[in-house]
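Chemist: Chain by chain, the residues:
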Amino acid sequence: MSSVLYDAPGPRAKRNALIGSIIGAAVIVGLIAIVIKRLADRGQFAAEKWDPLINPSDPVFSQVWNLLRSGFQSTLTAAVLAIVLSLVFGVLLGTIRMSLTAAHAPRFSLPNGLRWLVVIFIELARATPVVLMIYFVAQVFPQFNIRLSADGAVRNLWYLVIALTLYNSVIISEILRAGVNSLPSGQREAGLAIGLTPLRTLQLIQLPQAFRVMLPALISQLVVTLKDTSLAAVALVGFTEALNQGKVVTQALHNPIQVYFVIGLIFILLNYLLGKLAGLVERKLAKRTAGGHVDVTAVGVAGGTDQAATTIAPKP
Amino acid sequence: MEVLTTHWDLYVSAFWMSVKISIYGVIGSLILGTIIATFRVSPIPPLRWFGTFWVNTFRNMPLTVVCFFVAFGLPQIGINGAYFWFVIVALWLYTSAFVCEAVRSGINSVNPGQAEAARAIGLTFIQTLGLIIMPQALRAVLPPLGSVLIAMMKNSAIAGLFGVPGDLISNADSLIGAGGEPALTVLLWTCLGYWLFILPCAALLAAAEKKVTIAR
Numbered sequence: 001m002s003s004v005l006y007d008a009p010g011p012r013a014k015r016n017a018l019i020g021s022i023i024g025a026a027v028i029v030g031l032i033a034i035v036i037k038r039l040a041d042r043g044q045f046a047a048e049k050w051d052p053l054i055n056p057s058d059p060v061f062s063q064v065w066n067l068l069r070s071g072f073q074s075t076l077t078a079a080v081l082a083i084v085l086s087l088v089f090g091v092l093l094g095t096i097r098m099s100l101t102a103a104h105a106p107r108f109s110l111p112n113g114l115r116w117l118v119v120i121f122i123e124l125a126r127a128t129p130v131v132l133m134i135y136f137v138a139q140v141f142p143q144f145n146i147r148l149s150a151d152g153a154v155r156n157l158w159y160l161v162i163a164l165t166l167y168n169s170v171i172i173s174e175i176l177r178a179g180v181n182s183l184p185s186g187q188r189e190a191g192l193a194i195g196l197t198p199l200r201t202l203q204l205i206q207l208p209q210a211f212r213v214m215l216p217a218l219i220s221q222l223v224v225t226l227k228d229t230s231l232a233a234v235a236l237v238g239f240t241e242a243l244n245q246g247k248v249v250t251q252a253l254h255n256p257i258q259v260y261f262v263i264g265l266i267f268i269l270l271n272y273l274l275g276k277l278a279g280l281v282e283r284k285l286a287k288r289t290a291g292g293h294v295d296v297t298a299v300g301v302a303g304g305t306d307q308a309a310t311t312i313a314p315k316p
Numbered sequence: 317m318e319v320l321t322t323h324w325d326l327y328v329s330a331f332w333m334s335v336k337i338s339i340y341g342v343i344g345s346l347i348l349g350t351i352i353a354t355f356r357v358s359p360i361p362p363l364r365w366f367g368t369f370w371v372n373t374f375r376n377m378p379l380t381v382v383c384f385f386v387a388f389g390l391p392q393i394g395i396n397g398a399y400f401w402f403v404i405v406a407l408w409l410y411t412s413a414f415v416c417e418a419v420r421s422g423i424n425s426v427n428p429g430q431a432e433a434a435r436a437i438g439l440t441f442i443q444t445l446g447l448i449i450m451p452q453a454l455r456a457v458l459p460p461l462g463s464v465l466i467a468m469m470k471n472s473a474i475a476g477l478f479g480v481p482g483d484l485i486s487n488a489d490s491l492i493g494a495g496g497e498p499a500l501t502v503l504l505w506t507c508l509g510y511w512l513f514i515l516p517c518a519a520l521l522a523a524a525e526k527k528v529t530i531a532r
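One line per chain: the protein sequences are F and V, in this order.
All residue numbers for the first sequence refer to this note's numbering, where the first residue is 1 and numbers rise by one.
All residue numbers for the second sequence refer to this note's numbering, where the first residue is 317 and numbers rise by one.
Take these hints with a grain of salt, some might be off.
Covered stretches of chain F (chain V as the covering partner; in silico rule of three or more C-beta atoms under 8 Å from a C-beta of chain V) [unchecked claim]:
| no. | region |
| --- | --- |
| 1 | 28-39 |
| 2 | 58-70 |
| 3 | 136-145 |
| 4 | 200-208 |
| 5 | 231-239 |
Pulled from the structure, derived: some chain F residues nowhere near chain V, Cβ distances all over 12 Å [said to hold, decoys possible]:
| no. | residue |
| --- | --- |
| 6 | Arg155 |
| 7 | Gly186 |
| 8 | Asn271 |
Calculated directly from the structure, the hints in this document are not laboratory data.
For glycine and all other residues, C-beta sits at the position ideal for the given N, C-alpha and C.
Taking the hints into account, I'd like the entire structure generated from these sequences.
Modeler: This is how it looks when you write it as structure tokens:
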């Protein structure tokens with residue numbers, strides 16, 4: 001392995017690495033063995049705990065998986081709805097913030113007032129926990145008799161989607177702004193030089209390229225949103241997403257470790273694949289813009305709750 | 317306003333509880349994340365595999381699932397404790413994966429020529445790391461690390477709804493549920509509580525970022 005930290009290993013370093021490998025492997029295997037033994041001592045590997053999840057001939061197998069499947073369907077529905085809506089509102093917010101800056105409006109004018117409102121909204125929304133937003137919508141909407149739908153399940157879905165949209169549209173508007181800022185300034189100057197207004201320049205020249213730069217970041221944001229839907233398990237208990245459905249199963253079968261293990265595994269698989277897709281798209285698109293590059297790891301990082309501090313680096 | 321003045325003491329203690337959870341979370345996940353990062357860049361393959369496994373597991377799992385897993389799993393392997401500590405441990409596990417990736421990508425962003433030059437003039441491994449690589453890596457680490465830490469502070473809000481008594485959001489929950497106060501006012505003050513410590517931290521990190529990136 002060639003790394004910034006180490007020189008190419010010589011014979012002694014190779015021997016030390018081998019000894020380290022053996023000790024390291026022994027410690028890790030030992031820890032895993034202790035955990036497995038303790039779990040086994042408490043009967044966590046008993047067939048009655050696992051069979052409903054992994055053995056198709058178990059009487060409740062299909063029931064359990066129907067619950068989990070409908071749960072993941074709700075999770076995906078909420079995540080996709082939220083990301084599509086956030087895209088719409090994110091573009092709107094981003095455009096307002098960017099185009100009103102460009103307009104050079106007088107300090108105390110309507111456009112400038114609107115811009116400040118948008119800036120304050122964005123900054124405050126970024127500093128609010130998503131789980132609090134979900135809880136907020138779920139508590140406050142019924143209080144004001146905003147029912148959205150007669151069907152309880154649909155209503156809960158919309159509460160979740162609205163809360164996630166509220167949060168993610170702000171994040172997306174910031175990703176978009178970072179994308180636009182990462183373009184070479186010549187792009188905007190050329191647009192203005194051929195007589196486009198600043199708003200048209202943004203629409204026709206900057207945004208289409210910013211979208212390309214931020215597509216990987218958008219996919220990462222989908223991962224974040226997918227994970228955030230499961231906050232409903234604590235903030236919006238009525239919504240039948242994956243984790244709440246898991247709770248239903250554990251209440252009947254008393255096997256929380258096994259059920260959450262399976263749910264966690266499905267989430268990991270889904271998100272890992274989406275993450276790989278984001279990386280792939282990033283590499284594909286890297287060659288196709290005028291320049292600029294938004295670092296996905298900095299944007300999509302921290303679960304629901306990302307500050308969208310996007311780092312911009314010039315394209316290598 | 318009335319909601320805040322009547323329940324002033326509750327809000328103040330809830331605020332400090334949330335700050336406490338955040339501080340424990342930040343310190344623990346920084347330490348754990350750095351350890352996992354050293355695993356991921358170490359010359360010992362099993363440790364690298366373990367680090368990769370750790371990051372892929374906890375980065376792709378929802379924090380809620382991690383919380384449930386910790387709360388149900390730890391007692392089964394003989395570790396018991398208050399819900400407070402279960403949530404903190406879940407925050408550590410979850411956030412450490414992101415901290416690790418931030419630190420690792422920072423170290424990798426340093427040009428290998430820098431380390432080669434350092435070794436060529438005879439610096440030891442510790443000197444190379446401390447004098448040459450870390451000061452440069454810090455610049456690349458700080459922006460993503462800052463956003464990870466702010467995210468963790470916001471994630472800490474999960475504690476209250478997960479069953480830890482006395483933080484801002486569980487305070488709001490009991491004021492609305494048992495206290496019968498209007499949800500909108502209670503929750504607006506709760507939001508304000510979070511903004512009171514998250515916004516200054518974000519501003520602080522942004523300032524620090526500006527200070528280190530300008531030198532490049």
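Chemist: A separate judgement is required for each hint: does it hold in the structure or not?
Modeler: Hints and how they fare:
With a cut-off of 8 Å between beta carbons, the region 28-39 of chain F has 5 residues touching chain V; three or more are needed, and the interface restraint holds. For a cut-off of 8 Å, the count of residues in the region 58-70 of chain F with a CB near a CB of chain V stands at 0, and the three-residue condition is violated. For the region 136-145 of chain F, the stated coverage by chain V holds: 5 residues have a C-beta nearer than 8 Å to a C-beta of that chain, and at least 3 were required. Note: the region 200-208 of chain F has 0 residues with beta-carbon separation from chain V under 8 Å; the three-residue rule is not met and the coverage is violated.
Proximity of the region 231-239 of chain F to chain V, defined as three or more residues with a beta carbon under 8 Å from a beta carbon of that chain, is established by the 4 residues found. Look at Arg155/F: its CB is around 16 Å from the nearest CB on chain V, clear of 12 Å, so calling it non-interface holds up. Non-interface call for Gly186/F relative to chain V: holds, since the shortest CB-CB distance, roughly 23 Å, exceeds 12 Å. Non-interface call for Asn271/F relative to chain V: violated, since the shortest CB-CB distance, roughly 4 Å, does not exceed 12 Å.
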